[in-house]
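Colleague: Next come the chains, spelled out residue by residue.
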Amino acid sequence: MLSDKAKEEILEIKVRYPDRRSSTLPSLYVAQEDQRWLSSETIAEVAVLLEMPVRMLHEVATFYVMFETKPVGTHLVEVCDNISCALRGGEEVLQHLEQKWGIKRGQTTTDGKFSLRGAECLGACGTAPCLMIDHRYWENLTLAELDRRLATLTDDPHHTAGDLAEAPIPAVKG
Amino acid sequence: MAPNFPLILTKNMTRPDSHRLSAYTASGGYNSWKKTLKELTPDQVIQTVKDSGLRGRGGAGFPCGLKWSFVPRQSEKPKYLACNADESEPGTFKDRMLMTRDPHMLIEGMAIAAFAIDCHLAFIYIRGEFALEAIILENALAEARAAGHLGKNIYGTGYELDMMVYRGAGAYIAGEETGMLESLEGKRAHPRIKPPFPAVVGLYGSPTVINNVETLANVPAIIENGAAWFAAIGTPKSTGTKLMNISGHVNRPGVVELPMGTKLMTIINDYCGGVWHNRKLKAVIPGGSSVPVLTAAECEEVTVDYDSLAAAGTMLGTAAIIVMDETTCMVQVASRLTRFYDEESCGQCTPCREGTAWAFKILDRLVHEGGEPHEIDLLLDICDNMGGRTICALADAAVGPIKSCIEKFRPEFDYAVRHGSPMKGRMADVPGFDVTATVGARG
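Going down the list, the sequences are from chains A and B.
Numbering of the first sequence is given in my numbering, commencing with residue 754 and proceeding in unit increments.
Numbering of the second sequence is given in my numbering, commencing with residue 3 and proceeding in unit increments.
These are calculated hints, taken from the structure and not from any lab test.
Just so you know, these numbers come straight off a predicted model, no measurement behind them.
There could be a bad hint or two in this list.
The calculated lysine-lysine pairs, modelled on DSBU-like cross-linking and capped at a C-alpha distance of 35 Å, are [as the list claims (entries may be wrong)]:
no., chain 1, residue 1, chain 2, residue 2
1, B, 282, A, 866
2, B, 363, A, 758
3, A, 760, B, 154
4, B, 282, A, 853
5, A, 853, B, 426
6, A, 857, B, 189
7, B, 410, B, 265
8, B, 426, A, 857
9, B, 36, B, 13
10, A, 853, B, 363
11, B, 79, B, 265
12, B, 196, A, 767
13, A, 760, B, 79
14, B, 36, A, 767
15, B, 405, B, 239
Far from chain B, some chain A residues (derived; all Cβ distances over 12 Å) [as the list claims (entries may be wrong)]:
no., residue
16, 755
17, 756
18, 757
19, 764
20, 777
21, 788
22, 793
23, 807
24, 831
25, 844
26, 861
27, 862
28, 909
Cβ coordinates follow ideal geometry from the N, Cα and C atoms, glycine included.
The following block holds chain A by itself, in its conformation from the complex (with noise of 0.2 Å):
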């Protein structure tokens, strides 16, 4: 069940947009934000909020990437191997995770603490190889210093590396 809070946030989006189906993608990030991951019931509760057909969720939460329609782990890596990443190190970097955590990209370890994926390119080509974890950018990784960084990870799922505050802002040249 959605928490109070996220049902409030829900109807305030509802009427924020000149058209009421605009809130589909913001209301699903509140409802994932919320529950970890979008269930078939937290979707289907969502779309009452809504007022909508339960399929324009669905629709919604099954197309984009960032939309988790099943259970992830406590923290979720996802390690760029795009052109512009792949060229600096960033299959080396999936491929060194693979086999620090025994796993396959798409795979969660045993102990539930660490979703891995390839993700697309991530916009962050300058400072590659780039990751997302919980969707925080890590970048200009080296892999020991991934390891290191990794480390600091707790179990608590939402205590990720660092706020959103600390994100490196991409340097200036020139």
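Since the structure of chain A is provided, determine the placement of chain B on it from the hints.
Modeller: Quick look at chain B alone, frame taken from chain A:
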């Protein structure tokens, strides 16, 4: 080095707290917006932007002022402006810098564009992964509202304007302008059949202008300094400066602002410290993953602007310059990029949905196992049946890297047919990323 030129987009970025309103107004920020509201008519704004020669920075290069002029004046429906901040073209990371370092420049540009088309509610559609950037934009909008740059009766002129940030949720296709409109409407980002074009039937069925972040960020400087000033920078048909995104095998990757028409090799050698590890240049993708690749020899003379790159058989795109050294396996490059388009195809059109999937199957097998000699021609045949046969340009984008890699690096594909890729799944040799060594050492 490039000739002297005025910095437009990055001029504030070295100031402390450049993302704050105080830093922006200290350098004359929002003066163009004041001037627009108090002294100019929408027609004058559109004419100035037309005269400046400003073309879209999102990839297609469409003249910006002309796009604005397509919005019907006498429409009973509200008009909308949507800023495309769904920066997802592989190799592109310039808009992220603009939004984090100088969000008010974007907001001011959007305000002027909104006035030009009589819009009172504008949207910034930002890719979902940019959670931090979305917060920075929200904070900047709150600052602008509090200072009266946005709101009900701006500067006492009676003009009303507000803006909203809308987060996507991970879909490359949402960067296609009509896919973006569908997503903004809360649906799957399936591109629409055109015509009608968004200027007539766009968001919520209303006239809508869609511009890229960098395009809009140029507008305040054009209004402040005039069309002639802007048109004097760059080349006659590619005016102004461009944020160059350089990634891959250079010593110092990053974003640099340079005039249109700067030589590609000047950018690589003088601004990015040259190819890394003293290796030789092999190839460059000059405009994001969707544009045809250039060989090292072709890179020698080209300049980075719309016309020079078009003459070289490729495109400026987003000026996402992806540099590849001599160790790079071009079969692996083609395979990885095709996987991207296969993953990101929305699935509406059969040639794209099936074509990208089959092309990737062949390329992936070429990389890992090898294949049959006729399969290279089969790949080209698949390409010929994808481009120009779909609702949007994603299929054409997918064809670009496959065809150009095969045409320009055919011997590598012939080798892969017999032996697979010599790199076996690694795109290039990356010093410092020896996986066996690090994992083995830890035991």
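Colleague: Hints first: check each against the structure and report whether it holds.
Modeller: So, going through the hints one by one against the coordinates:
{"no.": "1", "hint": "B:282 / A:866", "in the structure": "violated, 43 Å"}
{"no.": "2", "hint": "B:363 / A:758", "in the structure": "violated, 46 Å"}
{"no.": "3", "hint": "A:760 / B:154", "in the structure": "holds, 30 Å"}
{"no.": "4", "hint": "B:282 / A:853", "in the structure": "holds, 34 Å"}
{"no.": "5", "hint": "A:853 / B:426", "in the structure": "holds, 21 Å"}
{"no.": "6", "hint": "A:857 / B:189", "in the structure": "holds, 32 Å"}
{"no.": "7", "hint": "B:410 / B:265", "in the structure": "holds, 21 Å"}
{"no.": "8", "hint": "B:426 / A:857", "in the structure": "holds, 17 Å"}
{"no.": "9", "hint": "B:36 / B:13", "in the structure": "holds, 20 Å"}
{"no.": "10", "hint": "A:853 / B:363", "in the structure": "holds, 28 Å"}
{"no.": "11", "hint": "B:79 / B:265", "in the structure": "violated, 46 Å"}
{"no.": "12", "hint": "B:196 / A:767", "in the structure": "holds, 30 Å"}
{"no.": "13", "hint": "A:760 / B:79", "in the structure": "holds, 32 Å"}
{"no.": "14", "hint": "B:36 / A:767", "in the structure": "holds, 34 Å"}
{"no.": "15", "hint": "B:405 / B:239", "in the structure": "holds, 28 Å"}
{"no.": "16", "hint": "755", "in the structure": "holds, 18 Å"}
{"no.": "17", "hint": "756", "in the structure": "holds, 21 Å"}
{"no.": "18", "hint": "757", "in the structure": "holds, 23 Å"}
{"no.": "19", "hint": "764", "in the structure": "holds, 16 Å"}
{"no.": "20", "hint": "777", "in the structure": "violated, 4 Å"}
{"no.": "21", "hint": "788", "in the structure": "holds, 16 Å"}
{"no.": "22", "hint": "793", "in the structure": "holds, 18 Å"}
{"no.": "23", "hint": "807", "in the structure": "holds, 14 Å"}
{"no.": "24", "hint": "831", "in the structure": "violated, 9 Å"}
{"no.": "25", "hint": "844", "in the structure": "violated, 6 Å"}
{"no.": "26", "hint": "861", "in the structure": "holds, 19 Å"}
{"no.": "27", "hint": "862", "in the structure": "holds, 16 Å"}
{"no.": "28", "hint": "909", "in the structure": "holds, 19 Å"}
The earlier numbered hints that this structure contradicts are 1, 2, 11, 20, 24 and 25.
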